[in-house]
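Chemist: Just so we're aligned, residue 52 is where the sequence shown starts under my numbering, counting upward by one.
Among the hints, a few may not be true.
Said to hold, decoys possible - Derived pair list, reagent style DSS-like, types lysine-lysine, alpha-carbon separation capped at 30 Å:
1. K90 with K115
2. K95 with K178
3. K97 with K65
4. K65 with K160
5. K115 with K132
6. K115 with K160
7. K90 with K152
Read the hints as simulated data drawn from the structure, not as lab findings.
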Amino acid sequence: MFALPLLLIPDIQKNLIAMGFPAEKLEGVYRNHIDDVVKFLEAKHKGHYKIYNLCSERSYDVSKFQQRVATYPFDDHNPPKMELISPFCRDVHAWLSEDKKNVAAVHCKAGKGRTGVMVCCYMLHSKEFLIASEALNYYGQMRTHDRKGVTIPSQRRYVEYYSTLVQEQLEYHPVSLIIQEIHLEPLPTFNGGQVSLQLVISEASKRVFSSGVYEIKKGSPNFQIRLDQYIPIQGDIKIEFFNKPKMMIRKALREWRRGKDEE
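Whenever a hint applies, use it, and build me the whole structure from the sequences.
Modeler: Rendered as structure tokens:
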């Protein structure tokens with residue numbers, strides 16, 4: 052008998068599993084223990100399973116799974132690079148198409164956010180859903196009791212981006228842009244009076260710009276930042292604002308965007 056918190060998506064893709072990280076030692080007490088996952092897959096899907104690890108921060112002994120592990124890594128609480136999504140979907144589709152008995156087991160750390168992004172993208176890729184919101188809602192309903200599967204805005208938005216690519220039969224190609232101004236409206240809610248914000252821009256995982264401190268008066272409906280220098284960017288861009296009250300810095304806002312082709 053197996054008591055693993057796995058997700059088998061019924062009726063849509065009966066051979067698609069979402070699960071938590073196959074953990075070891077103490078972590079295996081509150082997550083799926085890797086030995087239990089091996090026993091489950093060998094008992095239920097022997098010779099017909101392939102695992103997809105989305106964690107950028109860690110791995111495990113893939114020999115336990117007969118080397119049938121593919122890695123498509125990206126950071127926790129972040130969306131994947133756009134270039135990562137399509138190869139993942141094609142890989143899963145090719146594996147599942149080889150044999151009707153084949154199953155794909157997708158996991159990140161908790162088996163929720165990152166896993167949900169890629170599972171939803173695959174369901175769009177395979178035409179099981181045509182609209183991003185439907186795939187996201189279905190995943191939330193099937194994966195969690197509170198129907199909150201993929202909750203991070205940037206992750207949900209990347210599912211929407213991929214949905215557009217699939218619907219319009221487009222290939223993603225990064226383009227170069229220049230950031231000149233940034234407009235914030237409405238502003239995040241802060242406690243206290245005047246707010247001190249610092250801006251950080253990253254391209255993929257590399258920081259390309261870090262600003263000084265901008266002072267925003269309490270009650271301001273919006274804020275406009277005119278950059279002293281033009282910032283050339285390409286592809287997946289993360290814009291972060293840090294609230295800097297006195298001697299400490301606290302993250303106030305994070306926004307992932309991707310460069311869009313001009314049509």
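Chemist: Hint by hint, note whether the structure agrees.
Modeler: Hints versus structure:
Taking the CA atoms of K90 and K115, the gap is about 10 Å. The hint holds against a cut of 30 Å. Restraint check: the Cα-Cα separation between K95 and K178 comes to about 27 Å, which is no more than 30 Å; the hinted pair holds. Pair hint K97 plus K65 holds up; C-alpha atoms about 16 Å apart against a cutoff of 30 Å. Using a Cα cut-off of 30 Å, the hinted pair K65 and K160 holds, with the two alpha carbons roughly 22 Å apart.
A distance of roughly 29 Å separates the Cα atoms of K115 and K132; the hinted pair therefore holds under the 30 Å criterion. Pair hint K115 plus K160 holds up; C-alpha atoms about 18 Å apart against a cutoff of 30 Å. Distance check on the hinted pair: K90 and K152 sit about 17 Å apart at the alpha-carbon level, within 30 Å; holds.
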